[in-house]
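Colleague: For the sequence shown, the UniProt record's numbering assigns the number 1 to the initial residue and increments by one for each residue that follows.
FYI, nobody ran anything at the bench for these hints, they're computed from the structure. For clarity, every value in this text was computed on a predicted model and none was experimentally measured. Backbone N, C-alpha and C fix where the C-beta goes; we use that ideal spot for every residue, glycine too. A hint or two may mislead.
Said to hold, decoys possible - Each pair of labels, with its calculated beta carbon distance range:
| hint | residue 1 | residue 2 | range |
| --- | --- | --- | --- |
| 1 | S83 | R175 | 40 to 48 Å |
| 2 | S83 | N52 | 56 to 64 Å |
| 3 | A82 | S104 | 45 to 53 Å |
| 4 | V51 | G89 | 14 to 22 Å |
| 5 | T127 | A35 | 16 to 24 Å |
| 6 | R175 | Q45 | 36 to 44 Å |
| 7 | D36 | A82 | 45 to 53 Å |
| 8 | T32 | S83 | 33 to 41 Å |
Unchecked claim - Below, in silico cross-link-like pairs of lysine-lysine (BS3-like), each with a Cα-Cα straight-line distance of 30 Å or less:
| hint | residue 1 | residue 2 |
| --- | --- | --- |
| 9 | K23 | K152 |
| 10 | K23 | K78 |
| 11 | K100 | K153 |
| 12 | K23 | K231 |
| 13 | K137 | K152 |
| 14 | K153 | K137 |
| 15 | K167 | K78 |
| 16 | K100 | K167 |
| 17 | K167 | K152 |
| 18 | K78 | K137 |
| 19 | K100 | K23 |
| 20 | K78 | K100 |
| 21 | K137 | K100 |
| 22 | K78 | K153 |
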Amino acid sequence: QVAASMQKDVEAHVPSYPNLPSKLICLLHSVTLQADPDTDEVYAQMTLQPVNTYAKEALQLSELALRQARPQMEFFCKTLTASDTSTHGGFSVPRRAAEKIFPSLDFSLQPPCQELQARDIHDNVWTFRHIFRGQPKRHLLTTGWSLFVSGKKLFAGDSVIFVRDEKQQLLLGIRRANRQPTNISSSVLSSDSMHIGVLAAAAHASANTSPFTIFYNPRASPTEFVIPFAKYQKAMYSNQISLGMRFRMMCETEELGTRRYVKLPIQTLTSEAPSSADIFNTFQLHGYDNWNK
Numbered sequence: 001q002v003a004a005s006m007q008k009d010v011e012a013h014v015p016s017y018p019n020l021p022s023k024l025i026c027l028l029h030s031v032t033l034q035a036d037p038d039t040d041e042v043y044a045q046m047t048l049q050p051v052n053t054y055a056k057e058a059l060q061l062s063e064l065a066l067r068q069a070r071p072q073m074e075f076f077c078k079t080l081t082a083s084d085t086s087t088h089g090g091f092s093v094p095r096r097a098a099e100k101i102f103p104s105l106d107f108s109l110q111p112p113c114q115e116l117q118a119r120d121i122h123d124n125v126w127t128f129r130h131i132f133r134g135q136p137k138r139h140l141l142t143t144g145w146s147l148f149v150s151g152k153k154l155f156a157g158d159s160v161i162f163v164r165d166e167k168q169q170l171l172l173g174i175r176r177a178n179r180q181p182t183n184i185s186s187s188v189l190s191s192d193s194m195h196i197g198v199l200a201a202a203a204h205a206s207a208n209t210s211p212f213t214i215f216y217n218p219r220a221s222p223t224e225f226v227i228p229f230a231k232y233q234k235a236m237y238s239n240q241i242s243l244g245m246r247f248r249m250m251c252e253t254e255e256l257g258t259r260r261y262v263k264l265p266i267q268t269l270t271s272e273a274p275s276s277a278d279i280f281n282t283f284q285l286h287g288y289d290n291w292n293k
């Protein structure tokens with residue numbers, strides 16, 4: 001997992017932790033959801049406590065207590081075009097999305113228009129003029145949009161998400177396209193620092209049975225490395241693995257910054273009944289390294 005997330009020779013940079021087990025059963029003490037102040041990338045800060053002995057039923061019940069019903073909300077996401085990011089242009093909103101997310105326009109006005117206020121992930125409020133005009137008629141965000149584009153340093157290929165939550169508030173988020181970074185961020189959420197930090201913290205906590213804190217950035221990691229105990233139990237003991245079996249995985253393309261599912265067959269199988277010590281080196285998926293080329 002570390003190797004897959006770092007586009008470089010990781011063996012020269014990632015320390016070895018021979019006493020670190022392939023898995024750690026932990027209690028989750030706390031989760032804090034945050035966002036990078038410079039890039040708006042979301043991440044989670046988690047405090048975990050390794051446990052030597054545990055009751056499966058108790059852990060599964062604790063997971064149920066953490067689950068919360070998802071609030072009802074509507075949203076739309078659009079990948080920005082060159083016109084959307086032009087300093088003299090506006091943001092073209094798909095008609096169905098505008099009618100679903102934005103308050104209704106007063107079509108007795110000529111042209112129909114209104115002022116919209118949307119709150120971003122840092123609780124900043126952005127004000128836009130929403131107008132319905134042009135030939136053919138279309139929904140546009142004009143005044144205030146270029147200020148948002150320059151403030152967030154957006155480029156064509158990035159995505160913007162508008163959300164109307166259960167309180168009918170308008171929320172606004174961004175999702176940047178995958179690009180080679182032009183500078184090194186000081187954020188703790190880089191792929192390198194996140195994974196090396198996880199390994200170091202987990203190794204120390206495992207040796208001392210002490211709580212530890214890690215950061216999880218969903219875009220820097222190819223997969224979740226903290227999973228519910230019930231999901232682990234189901235994956236480990238409810239499925240029989242065999243050659244040719246196909247796995248459905250969500251992968252992100254480098255060109256478009258979009259995600260889609262891909263099915264990959266098992267190419268090699270080292271053991272029909274792998275030991276628990278080496279469970280994560282059991283099989284190899286055919287085409288995983290070059291599925292999107």
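Colleague: When the hints from earlier in the document are held up against this structure, which numbers fail?
Modeller: Result: hints 1, 3, 4, 6, 7, 9, 10 and 19 break, sorted rising.
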